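Enquirer: Sequence:
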Amino acid sequence: MIEPLDAARVRWVAGSDLSLSRDSRDVIAGIVVWDVRARCVVEQVLVRRRCRFPYVPGLLSFRETPGILAAWRRLRGAVDVLLCDAQGIAHPRRFGLACHVGLWLDRPTIGCAKSRLCGEFGPPGAVRGDRADLLLDGQRVGTVLRTRAGVKPLFVSPGHRCDVDSACRVVLASLTRFRLPEPTRLAHQLVTRARA
DNA sequence: GCGACAG
DNA sequence: ATCTTGTCGC
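Numbering-wise, our numbering puts 25 at position 25 of the first sequence, and it's gapless, one number per residue.
FYI, nobody ran anything at the bench for these hints, they're computed from the structure.
All figures in this text were calculated on a predicted structure; none of them were measured in a lab.
Don't take each hint at face value.
Unchecked claim - The following label-pair restraints were derived from C-beta to C-beta distances:
| no. | residue 1 | residue 2 | range |
| --- | --- | --- | --- |
| 1 | R116 | A38 | 31 to 39 Å |
| 2 | R195 | R76 | 18 to 26 Å |
| 3 | S24 | G138 | 37 to 45 Å |
| 4 | R93 | S115 | 17 to 25 Å |
| 5 | P123 | D165 | 18 to 26 Å |
| 6 | G122 | R76 | 37 to 45 Å |
| 7 | F53 | G122 | 29 to 37 Å |
| 8 | P92 | C40 | 34 to 42 Å |
| 9 | A38 | E120 | 36 to 44 Å |
Here a beta-carbon is modelled for each residue, glycine too, at the ideal position from N, C-alpha and C.
Take these sequences, add in the hints, and give me the full structure.
Expert: Below, the structure written as structure tokens:
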């Protein structure tokens with residue numbers, strides 16, 4: 001029996017991201033684990049490896065999953081859920097990168113993308129926490145979430161072992177003062193700075 | 001044929 | 001993702 005994500009008990013939220021080496025031949029993957037209760041970083045890992053697949057819309061997982069899994073193996077502490085900088089089920093085949101990674105890790109994952117891949121939606125309200133349904137073929141595959149006033153909303157969808165609402169709750173609980181949830185924002189800084 | 005298209 | 005300058009605002 002699998003254990004579904006219980007947003008109320010989540011404490012360690014990890015965020016993953018990737019960047020490319022200057023010559024674009026390698027991918028630099030990083031994961032930052034954020035304690036949503038203590039509001040601090042508890043662990044971070046970085047790994048670099050050869051890029052094996054080109055970027056093709058809809059096939060992002062084939063390009064980025066290997067790096068994320070490699071970084072994950074370096075983690076030593078506990079993680080309740082992983083926030084991926086990509087789509088979950090808000091995907092043409094209902095199986096975006098977050099689903100792919102979650103299945104490999106057999107852990108709860110959430111897709112938290114900065115832009116839309118597919119699906120229709122109306123504009124969410126202007127206040128942090130306001131949301132709009134992301135529909136694909138009449139099905140609710142995610143939510144368009146306003147994480148901060150005056151900025152583009154995020155596209156949140158279930159990856160593995162969670163539903164739209166719990167995914168949204170985890171993202172909201174991981175926010176500080178920026179558009180992106182802290183684990184994701186810090187993972188982005190980590191991999192970006194690792195190029196220099 | 002013409003747009004759209006996670007990172 | 002990466003490139004790339006200034007600019008508006010807290």
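Enquirer: Which of the stated hints cannot be reconciled with the structure, identified by number in ascending sequence?
Expert: none
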